[in-house]
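Enquirer: Sequence:
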Amino acid sequence: MVYRTWKRTGDIVPKGVDQPGRGPRLREPKTGDLDLLAMAMADHIAKDLERVRREHPDTAYATFGHSFGATISLTVAAHMAEPPVRQFLSAAVPPRLVVPDETAHLSDRELLEKVVKDGGTTGAVLENAELGRHLVRLMREDYAIRLQFPHQKNLKVDHPLTLIAARDDIYVPPEQMWQWAEHTTAHCRRVEIAGGHFALMQTPETALEIVAEHLRSAA
1 MVYRTWKRTG DIVPKGVDQP GRGPRLREPK TGDLDLLAMA MADHIAKDLE
51 RVRREHPDTA YATFGHSFGA TISLTVAAHM AEPPVRQFLS AAVPPRLVVP
101 DETAHLSDRE LLEKVVKDGG TTGAVLENAE LGRHLVRLMR EDYAIRLQFP
151 HQKNLKVDHP LTLIAARDDI YVPPEQMWQW AEHTTAHCRR VEIAGGHFAL
201 MQTPETALEI VAEHLRSAA
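For the sequence shown, position 138 matches number 138 in the numbering used here, and the numbering has no gaps at all.
Some clues are possibly wrong.
[Unchecked claim] Below, simulated DSS-like cross-link-like pairs (lysine-lysine); rule was C-alpha separation at most 27 Å, straight line:
hint	residue 1	residue 2
1	Lys15	Lys47
2	Lys30	Lys15
3	Lys47	Lys30
4	Lys7	Lys47
5	Lys156	Lys47
6	Lys153	Lys30
7	Lys114	Lys30
8	Lys156	Lys15
Since the hints were made in silico from the structure, they are not lab data. In this text, all values refer to a predicted model and were calculated from it rather than measured experimentally.
Please model the entire structure based on the sequences and the hints provided.
Expert: Structure (structure tokens):
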């Protein structure tokens, strides 16, 4: 959802990919199974890419995933007949290091206060009951899928990765982020930025600059 606000940078056109049952795909059935979710999203990307190539046949694609979305994006890529030219992974614990955390035991209010404190959303969500309930529901659905991430510990792709870590991320320090390198047979680049867990989401221009630079150098 957040990626819809990202602006075009040169030849790079950001496009968000929603899970089935969310956003523009609200009428589609949801799934709580990681593999089924990945297959559904891979199919959606492939069809979207096919539409774009009718007018722009030379279009290539890369993917970007932050936190929960990073593991989802790599799992999706493994289901794609045509892999991305590069994947950008940010602020995500590698699958073999994922363990249950306090999320399941927090009350709805505590969960919202935590995500506000971490910088994942604004304090306005604490004052809007309907918005708060909606966000909590999405977070708990995502957490149930996150618990399946360890099953992807042997996942390996053959395309290059860019790993982005925030220096002061207390949840995914750089030394953990760099361990994603074991999930590709191709080249891996590392980028360390200032800030905490949501630093890249708070400065999308930084993310787009990294994406543009790494895609240019790979061309």
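Enquirer: For every hint, state whether the structure bears it out.
Expert: Each hint tested on the structure:
Between Lys15 and Lys47, the direct Cα distance comes to roughly 13 Å. Compliance with the 27 Å bound is thereby established for this hinted pair. Between Lys30 and Lys15, the direct Cα distance comes to roughly 21 Å. Compliance with the 27 Å bound is thereby established for this hinted pair. For the suggested pair Lys47 and Lys30, the alpha carbons sit about 19 Å apart, so the restraint of at most 27 Å is met. With a C-alpha separation of about 22 Å, the suggested pair Lys7 and Lys47 falls inside the 27 Å cut-off, and the hint holds.
Pair hint Lys156 plus Lys47 holds up; C-alpha atoms about 24 Å apart against a cutoff of 27 Å. Between Lys153 and Lys30, the direct Cα distance comes to roughly 24 Å. Compliance with the 27 Å bound is thereby established for this hinted pair. For the hint linking Lys114 to Lys30, the alpha-carbon distance of about 26 Å falls within 27 Å, and the restraint holds. Between the alpha carbons of Lys156 and Lys15 the distance comes to roughly 25 Å, so the proposed pair stays at or under 27 Å and holds.
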